[in-house]
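Here the protein sequences line up with chains A and B, keeping their order.
With the numbering used here applied, the first sequence covers 6 to 376.
With the numbering used here applied, the second sequence covers 2 to 516.
Certain hints may be false.
Claimed, not checked - Partner residues are not named here, just some residues of chain B that face chain A (Cβ under 7 Å, in silico): (1) M330; (2) P332; (3) Q355; (4) S356; (5) L379; (6) T383; (7) P428.
What the hints assert, rightly or not - Taking lysine to any residue pairs in the SDA-like style, the calculated list, with each CA pair at most 20 Å apart, reads: (8) K240/A with R368/B; (9) K381/B with K356/A; (10) K366/B with Y387/B; (11) K353/A with K12/B; (12) K356/A with K12/B; (13) K380/B with F213/A; (14) K380/B with V220/A; (15) K243/A with T383/B; (16) K13/A with V405/B; (17) K217/A with F116/B; (18) K216/A with K12/B; (19) K205/B with I237/B; (20) K216/A with G376/B; (21) K140/B with D165/B; (22) K366/B with I295/A; (23) K217/A with R368/B; (24) K217/A with K374/B; (25) K353/A with K380/B.
No wet-lab data here; the hints were simulated from the structure.
The structure presented is a predicted model; accordingly, all values stated were derived computationally and were not measured.
Here a beta-carbon is modelled for each residue, glycine too, at the ideal position from N, C-alpha and C.
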Amino acid sequence: MKTLQNNKKYIISLIISIAIALLIGAILMAVSGFSPIEGYGAMIDGAIGSPRLLGNTIEKSMELCLLGLATAIGAKGGLFNVGGEGQLFVGALFSTMIGLWLSDLPTFLVIIIAVIVSIVTGGIYALIPALLKTKLNVDEVITTIMLNTVAIKVCTYFVNGPWNSPLKSISQGTDYIDKSIVFSKIIQGSNLSTSFFIGTVVTVFMWFLMKKTTVGLEINVTGENKRFSFFSGLKANKLMVTSMIISGAICGLVGMMLIYGYQGHMTQSASNEYYFDGMLVAMIMNYNPIGIIIMSFFFGFMATGATMMDMQVGISVQLYDVIFSIIIFLMAAQTGIMVWLENRKTQKKAKQLAEEKAKGLVEETAGKEAE
Amino acid sequence: MENKETIIEFKNISMQFPGVLANDNVSFDIKKGEVFALVGENGAGKSTLMNILYGINTPTSGEVIIGGKKVEKYSPSEAISRGIGMVHQHFMLVPSFTVAQNICLSHEPRKSKIFYDLKGAEAATEKLVQEYGLVVDPKAKVESISVGLQQRVEILKTLYRGADVLILDEPTAVLTPQETEELFNVIRRIVKEKDMTVIIITHKLYEVMAISDRVGVMRQGKLVGVNETKDVNEKILASMMVGREVLLDEIERFGEPGETKIEVEDLVVTDNRGIIACNGINLKVREGEILGIAAIEGNGQSELLEAITGMRKPVSGTIFLNNHDTTDMDPGQIRELGLSHIPEDRMTTGVSLQSDITTNLVIGKERTPHFSKWGIALKKSTIHRYAEDLFQRFDMRGAGVDTVVGSLSGGNMQKVVVARELSFDAPILIVAQPTRGVDVGAMEFIHKCIVDKRNDGGAVLLVSADLDEVFRLSDRIITIYEGKVTGEFKAGEISKMDISYYMTGDRSNEEGGTN
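Take the sequences, apply the hints, and build the full model.
Next comes the structure, spelled out in structure tokens:
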């Protein structure tokens, strides 16, 4: 919980960072022989130019937002979950198999079961590093990174091995889930499906949990000072594990939403490091839920736009990564730069005041000020 | 000392930190061969001023003149070369090195310019020991010697580097009365025989009276005044420091204590390294009683409190709190039985530094119906009002209840802890180092809170490294040495000087029969 003034400062420096990053992006375009105006024009066009593209942008933003919130809840509890990618894969795989195995059941029942399974499997997969951390004090950053590889490799094996589609037309991955089971599209032809409503519910729930509840407060305090949490009578370990399970559950659910939303079947490339983009959004916004929601739309916009920019103007989609990285870099340096500037300003002021005072000019007023 | 020459001169020193004017136009001088005491509340700017003299901080404006020459570049190495030596509150020694190695660190004698000359280092140390009469074994490892001796090593280190002005930052905070007396003898000797100058920063006013020639008082970054020590007394100094009259009077003793609230039997507890810290401790605290534990740091008192409060699992023995066996309970369960705890280290245990005051005040109560609906949805405005109320009542100073606790001064931070813990209204209060690093004004306030708790029928267990505090507050005192209870006394039964025999395990003058 920061004061309003700090928030304001943060937002200002964020806007400046974004502006600088876009400017550097423009310079890069110019240097490589493209017109920046044309480039950014194509990007905007590619993000919102048609209903289909707008749908894709919204879908991408929702993904980033959910994954960002997943990072945030873990981080608030003092566990930095780098393993969302793996949790996402696990959730995606098992929910896909539910759709294939239970295709005879009524549609809504299959979707509900698939949602629950993705949440449970993602949560359980996050439970492993959480327990390793709380019971054996094994660093969660290392275990989650390693568990990512495990999950992706295992999924790759299953979708291309035992659960590989027998159809010749599908070279990689499982069978497609029956069309009647997957989420219906909100905008035809786009990736945006009715899973958006689930995403909205989860987002609101996460905001409420983090900002308005006792558990959110307790998770926060535990993440900041575990010893204090334990000392205050909170179940510190339980809270940490809870925050990690919630994080993993959201990632699992996102996996399910990817498959049931637009991919249709499980492949080894169900997610292309989507979690890490969400994680960076969360880090840029200091794990603030409202900030994550807003910033997700900006990056969702950029990501979708950049793809189109690549296709239409020929500017590499990697430019998006460059801009992303510059913003992160500037935001990381932001605190230091702010402190430095502030310090210089006060030193100057104080020096002036002291010199005047030494001359005996403002003795009385200064005395009052110092009180 | 009227015609002594000036060795250090502070001229219009101001030091601005972000948000704090730590020194505000401070000017005074220090004469060669005197003991100058610098006193003031926490955050008054004493340490900052000394850090400027030692070159750690560069003043925003003003100048320091050492031996008639103005300081141009502020750095510790420059200060050392000008003969300034500083012993910090927290010692800067390498525990696994010997005394000689520590003393010669960074100025090691060498053989053929390359190899470390350990014999030479030991010889040099021995020479210093002889010269200044600061007896310590050059070959002993620092981790194996007492805090008092470690301090000597620090002093010898500055002497080895050629200091003729010695700055001691709160040197007696970690010492027993005996060790303090020895330190003072050392100071008197080096000043008298070697014509050294000593600047001593301290909280304890009787020490100022005992050791110093002159005393400077600081308040809120300003120098309130410099006096000859013989012209002032403790009361005058205290009111100069706080800016008002301070009533550090005797605390009234209270009627007969009631039933037993804390009972510890044969308690054995290990420390973080797995070494036995409490070795069979027995104690009882009753309602309406403050039991003080007098012990030198590191004799098991910290582990004892951690075991009682559930922060640490005991190896054996039993703990009864409020008539329940709490030996195997965690802090949450123990708190429910009616215990509140002001911990030894507020920074790591007592607060969440990055959370605001409100959060720190409400934590532990957030699930009660008063502060949340069904234990889930926080009632933010109720919580805010509650925090505002405590903020006022405990006289915390800061921008407001939204201030991040980490930015508060030690005294205000401790008030947050005290406010929260007392607001539980628990019958048992465990207090450790309640006023460490806290200024006189806040100390007075916190002492009053503790005594009020006792007067309301609370059972209070107090641990403090500050013997004055233990003597001032306790109705009964026990001493602990190396994890064992070595003595038990009623208030007023024993003097501070005599009790240190029990605190150091020296039982030679014991009349027999304590425990």
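Hint check results:
1. M330: violated (10 Å)
2. P332: holds (5 Å)
3. Q355: holds (5 Å)
4. S356: Result: holds, 6 Å to nearest chain A Cβ.
5. L379: holds (6 Å)
6. T383: violated (13 Å)
7. P428: Given a least distance of 16 Å, the restraint on P428/B is violated.
8. K240/A with R368/B: holds (13 Å)
9. K381/B with K356/A: Status violated; Cα separation ~42 Å.
10. K366/B with Y387/B: holds (11 Å)
11. K353/A with K12/B: holds (19 Å)
12. K356/A with K12/B: holds (14 Å)
13. K380/B with F213/A: holds (13 Å)
14. K380/B with V220/A: holds (13 Å)
15. K243/A with T383/B: violated (27 Å)
16. K13/A with V405/B: holds (16 Å)
17. K217/A with F116/B: Status violated; Cα separation ~64 Å.
18. K216/A with K12/B: violated (51 Å)
19. K205/B with I237/B: Within the cut-off at roughly 13 Å; holds.
20. K216/A with G376/B: Distance of about 14 Å is within 20 Å: holds.
21. K140/B with D165/B: violated (25 Å)
22. K366/B with I295/A: violated (27 Å)
23. K217/A with R368/B: holds (12 Å)
24. K217/A with K374/B: holds (11 Å)
25. K353/A with K380/B: Roughly 44 Å separates the two Cα atoms, so the pair is violated.
Violated hints for the displayed structure, listed by number in ascending order: 1, 6, 7, 9, 15, 17, 18, 21, 22 and 25.
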